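Undergrad: These protein sequence lines map, in sequence, to chains A and B. Counting in the working numbering, the first sequence runs from 1 upward without gaps. Counting in the working numbering, the second sequence runs from 1001 upward without gaps.
If you're looking for bench data, these hints aren't it; they were derived computationally from the structure. Mixed in with the good hints there might be a few duds.
Below, a list of computed lysine-lysine pairs in the BS3-like style, where the Cα atoms sit at most 25 angstroms apart [claimed, not checked]: (1) A/Lys400 / B/Lys1331; (2) A/Lys251 / B/Lys1331; (3) A/Lys247 / B/Lys1331; (4) A/Lys402 / B/Lys1012.
As the structure is a prediction and not an experimental result, all values here were calculated from the model.
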Amino acid sequence: MNNRINDFIVRFANVNGTGSASANFLFAKTVFRMGIPVTPKNIFPSNIQGLPTWYEVRVSEKGYLGRREGIDLLVCVNPQSMAKDVLSVNEGGYFIFDSTKKLNPEYRREGIHYLGIPMMEMANAAFDDPRKRQLLKNIIYVGALAKLLAMDESIIRQLIEEQFEGKKSLIEANFKALSLGIDYVEKHYEYPLSFKLEKRELLGEKILVDGNTACGLGAVYGGATVMAWYPITPSTSVAEAYENFCKQFRKTEGGENNFAIVQAEDELAAMGMVIGANWNGARAFTATSGPGVSLMSEFLGLAYFAEVPAVLIDVQRAGPSTGMPTRTQQSDLLAAAFASHGDTKHILLLPATPKECFEMTAESFDLAEQLQTPVILLTDLDLGMNDHVSEPFEWDVKRKYKRGKVLTAEELEGIGKFGRYLDSDGDGIPYRTYPGTHPTKGAFFTRGTSKDEYAAYTEDGAAYKRNMDRLTRKWETVKKLVPKAEISISSKPEAIGLLFFGTSTFSSEEAKDLLNEEGIAVDSIRIRAFPFGKEVVDFVESHATIFVVEQNRDAQMRKMLIMEMDCLPKKLVPVLNYDGMPITADAICQQIVQYLNPKRLSNHELSKTAV
Amino acid sequence: MSYLKPLFSHPKLPKNKLGYTLKEYEGSLSTLCAGCGHDSISAAIVRACFELSIEPHLVAKISGIGCSSKTPTYFLGNSHGFNSVHGRMPSVATGANMANRDLVYFGVSGDGDSASIGMGQFVHVIRRNLNMVYVVMNNGCYGLTKGQDSATADQGSKNKSGSINPFQAIDLASMAIELGASFVAQSFSGDKQQLIPLLKAAIKHPGFAFLNVISPCVTFNNNPGSTKSYDYVREHIDATSAKDLVPGKNEIKIKYEAGMSTQVEMHDGSEIQLNKLALDWDPEDRNSAVNALQKARAKDEILTGLLYANTDWNDLHRTLKTTKTPLNQLKENELCPGIKVLNQVNASFR
Chain A
1 MNNRINDFIV RFANVNGTGS ASANFLFAKT VFRMGIPVTP KNIFPSNIQG
51 LPTWYEVRVS EKGYLGRREG IDLLVCVNPQ SMAKDVLSVN EGGYFIFDST
101 KKLNPEYRRE GIHYLGIPMM EMANAAFDDP RKRQLLKNII YVGALAKLLA
151 MDESIIRQLI EEQFEGKKSL IEANFKALSL GIDYVEKHYE YPLSFKLEKR
201 ELLGEKILVD GNTACGLGAV YGGATVMAWY PITPSTSVAE AYENFCKQFR
251 KTEGGENNFA IVQAEDELAA MGMVIGANWN GARAFTATSG PGVSLMSEFL
301 GLAYFAEVPA VLIDVQRAGP STGMPTRTQQ SDLLAAAFAS HGDTKHILLL
351 PATPKECFEM TAESFDLAEQ LQTPVILLTD LDLGMNDHVS EPFEWDVKRK
401 YKRGKVLTAE ELEGIGKFGR YLDSDGDGIP YRTYPGTHPT KGAFFTRGTS
451 KDEYAAYTED GAAYKRNMDR LTRKWETVKK LVPKAEISIS SKPEAIGLLF
501 FGTSTFSSEE AKDLLNEEGI AVDSIRIRAF PFGKEVVDFV ESHATIFVVE
551 QNRDAQMRKM LIMEMDCLPK KLVPVLNYDG MPITADAICQ QIVQYLNPKR
601 LSNHELSKTA V
Chain B
1001 MSYLKPLFSH PKLPKNKLGY TLKEYEGSLS TLCAGCGHDS ISAAIVRACF
1051 ELSIEPHLVA KISGIGCSSK TPTYFLGNSH GFNSVHGRMP SVATGANMAN
1101 RDLVYFGVSG DGDSASIGMG QFVHVIRRNL NMVYVVMNNG CYGLTKGQDS
1151 ATADQGSKNK SGSINPFQAI DLASMAIELG ASFVAQSFSG DKQQLIPLLK
1201 AAIKHPGFAF LNVISPCVTF NNNPGSTKSY DYVREHIDAT SAKDLVPGKN
1251 EIKIKYEAGM STQVEMHDGS EIQLNKLALD WDPEDRNSAV NALQKARAKD
1301 EILTGLLYAN TDWNDLHRTL KTTKTPLNQL KENELCPGIK VLNQVNASFR
C-alpha cells in the first residue's frame, strides 16, 4: 500500500432506490474526466427498493478494464450488508461509514482503517427536504472521497453543473453537500490516502458509455425502423436507448416518426413482429435476455428455414430458468446458436466493447439482409448495463446499407419465372421480393414447411434435401461475411493459445500480461462471430494447447469449437467463471497455471493482478 | 398438389374497375376436403376483393397453422403470403403492417390457432387496433390432427367419435367486442350473400376488423349432435344486419322500416343486403352488441351480421404517430443520422 497512483478499487455499498447511482457515477465520471482509465461495475439486486446494491470502481493507470478482486476503499452506507462489507476490504484498506450512529463494535476488525463521517447528521442539518437529505447524503461522501483521493474538485463541480443544467437551486444544494464532505475530511483526517488519483491524459478521444446504449444507437445508424420488444433485465435499456435516439434523430419535419416501436405482449410476439416487418422489407429488431431467447426459439427456426432476416440482441444474464436476472454470464451461446428444433443454426456476433456493440448492431442488419437469416448479437449484463471506457463510435461516410438480393419490379420484368429459393449465384443465397412489388410477378408464399425452389409446398424428400443442402452452402458463405477473429501471435514457438470473446476480453488481455510476467508465452485469439472463419480453424490447428476462457459452467464455446472443427477435445482446456460476477484476470491465470503445473499451485503464489 | 387449375378463362368474364376478372383474384387449387366451409370463405374473399377492385399485389395474406391457415394459398395468387407459426399470425401481421402501412392485411386463423395457442396474440392485436382483416374460420375442432375438440366447441356438442364436450366454449365475437375490437362481425361460410359484404366492409374498416365465420368441418365435425355442423348452423342462425363502411365517396343512405330488409347498391356496383335491425339494436353500442350476443347464446342461436363497429378509434399507426411514408420505403439519408450527429453523441459521453 505504498503510495500507489491511479491503481486501486473503490466499492460503494448502498441501499437500492436511495439515489446512490448518480453519486457513484459522478465519482467514476470524474476519474474518467481526469484522463485515467476507469471501470465502474454496478452490482445490483433484482429489486426496486430496499435491498443491498454495490458499485465497484476500478482505477487502472495501465488501462486494465476487467474486474479484479480486492477492495482498497469501501464506502458503506448500508447497515444491512455491513458485516460482509467489512470483511471484503483488503488488509491495510479503508472503510468509510456513516458515523451519525455509533458503529457496531462487531464490525471492527484488525488491519483496516475506519473513517467515520456523520453523513446523515450533516445532511439533516443542512437540508430541509427529507428526500433531498437522502440524495445529498450521497454527494457528501463524494466530497469526502474528493479530498481523500485527491480528485479534481473543479471537474466534480462541472459535472454537477452539466447534470442539473439550468436548475440553480439543485446545483447549489449539490455544491453545498460536496463541500460538507470535503470540509469534514480536511478537519478530521489526514489526506490524501496512500493511494490516490493523479491527472493524466491517457484516454484521448475515448468515451464512457454502456453497451446497451451503444446497441440502441447502432440500430438507429443501421437503419432499423421497427422495434418490437418485451421488458426483461438486462436488455430493457436497449429499447429505451433506441427510442431516445429515434426521438432525437428520426423525426420528420412535421414531427412524425420515421420508426415504430411496439412493446409486445411477450417475447414470442416480439420476434413475430420482427419477422413480419423484415419479411415486408423494413429493418427490424428486438432485444431480450436468455428467457426471451427460449421463447423466441420457434420463430427463430421459422426465420432460418423460411429465410427471413431478423436481428436479435441477447443481453445475457445468469441462467438457467430465471437464474440470477441481475448478474452477468456468457451462457446463451448454445441456446442462441442452435435455437429451435430441426437442423437449425444461427449467426452469432460477439462484441467486447461499446464501440463494437454500436458497429456490430449496425452491421447485423446488413448481414441479416444479405444472408436472409437471423443474426443474434450476444452481449451480456456486464457489457450492456455497465459503463465502459471505449473508443469513440465511428461511421464511414461512404458506407451504404447492404440490403441483399431483393428484386425490383424492373428486375422481375427481365426474368422468367421467379424462383424464391433458387440458388442462381451458387452462394446458397436466393433472391427475394417484398410484398407489393409487382402486379403479376414475384409474389410467393413464405412458409415454415418444406417447399421447392419456386416456393411451392412440397413433401418430396428430394426437394426438401436440396433445400437443406443449399442452406448448408449458404452457411459456408456466412463464414466469409461475418467479422473475423482478432489474433495476436507472440513469436514464441512454445506459446500456449488463449481463446476468449465478449466481456472475457479485458480480463484475458490482463491475464496475458500476468502470464508473460510468469514467463509463460501466450498467443491469443478473440472470437468475434459464429460460425468460425478459417482464421479460427488455423489458430486451433496450430496450437497444442488452447485455453478457452468463458463465463458459463458448461464450456459452451469450447463445445462449439469441437463441434465445428473436428479437433481433439483434449487440446481445448476450459477456463471458466460462472458465479455471476465478471471474470477476473486472477481467476484466468490461476486456472491456467494450475493446468500447466498442477504441483506448483497455490493461491498465493501468483502475484495479485496488480499494478 | 401436383396439379394446377386450368388457365382457360371465358373471354366475356366480367371485369372490375381495374380491368381484372375474378381469375386474377384466385389462388391455387385447394387441398382441403371436398365441401370444406373454408373453401367457401376463400371464394368469398376472392369475390370481395374483386368487387372492391383491390390490386391483388397490394394485399398481404398472413396465417398461422391449421386447415384455415392453409387457405391463403387458395386465394389471391398474386399476393405475397406468409404461413407462419401456430397461433402467432397476429404478431407477424403486426410487424408486416408496421413496415408498410399501405397494404391490405388479411390475417387468416382458425379456432385452435386463435382461441387456444394464439389467444394471447389475438387479445393483444385487438388492443392495438391494428389495421387488418382478421378472419377466424371457426369449425370447433382440430382438423389437421383429426378432429379433437377445440376451445370454441360448444358445451354438450358431440364430436365424430361420439364424446360430448364438457367444457364451455370461448365465444370469440363476444370476447372481441369486450376487448375493444373496433369492428366485429359474425357469419356462416354457407351464407355468401352475407359474408361478401361483411368482408368488404371489413377491408374498408380503418382499424382492426374481426370476422368470426362458422365454417363446418365436413370430415370431423359435421355429424348429428355437433353444434358446428351445416344443418345445426342453418337451423340456428339469426342475422342482425350488415352495414357498409366504404369511406370516401358520398355516404350511401338507405331508409327502411324496422323489421324489413333492403338491398343497397354500392359505389362499385356490388350490392349489400341489410337485414332488419331490431328496435333495441345499435351496432355502435358495445353494450347492445354484447347483450344481443348473450341473449342469442341463451336461445342457442348464432347471431350473424355486423355486431359492432367504431371508426373513431386510432389504429396502431395513428397511435404511434408513424410517418405517412411506409417505413420500408424510407431512404438511407432519412434513416442514418450521419457522422456529424455521431460526433455530437460521442462528445456527450466524454
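Undergrad: Does each hint fit the structure? Answer for all of them.
TA: Here is what the structure says about each hint:
1. Using a Cα cut-off of 25 angstroms, the hinted pair A/Lys400 and B/Lys1331 holds, with the two alpha carbons roughly 11 angstroms apart.
2. A hinted pair counts as satisfied when its Cα atoms are at most 25 angstroms apart, and A/Lys251 with B/Lys1331 qualifies at roughly 14 angstroms.
3. Restraint check for A/Lys247 and B/Lys1331: satisfied, since their Cα atoms lie roughly 18 angstroms apart, inside the 25 angstroms limit.
4. Taking the CA atoms of A/Lys402 and B/Lys1012, the gap is near 48 angstroms; set against the 25 angstroms cutoff, the hint is violated.
Of the numbered hints given earlier, the model fails hint 4 alone.
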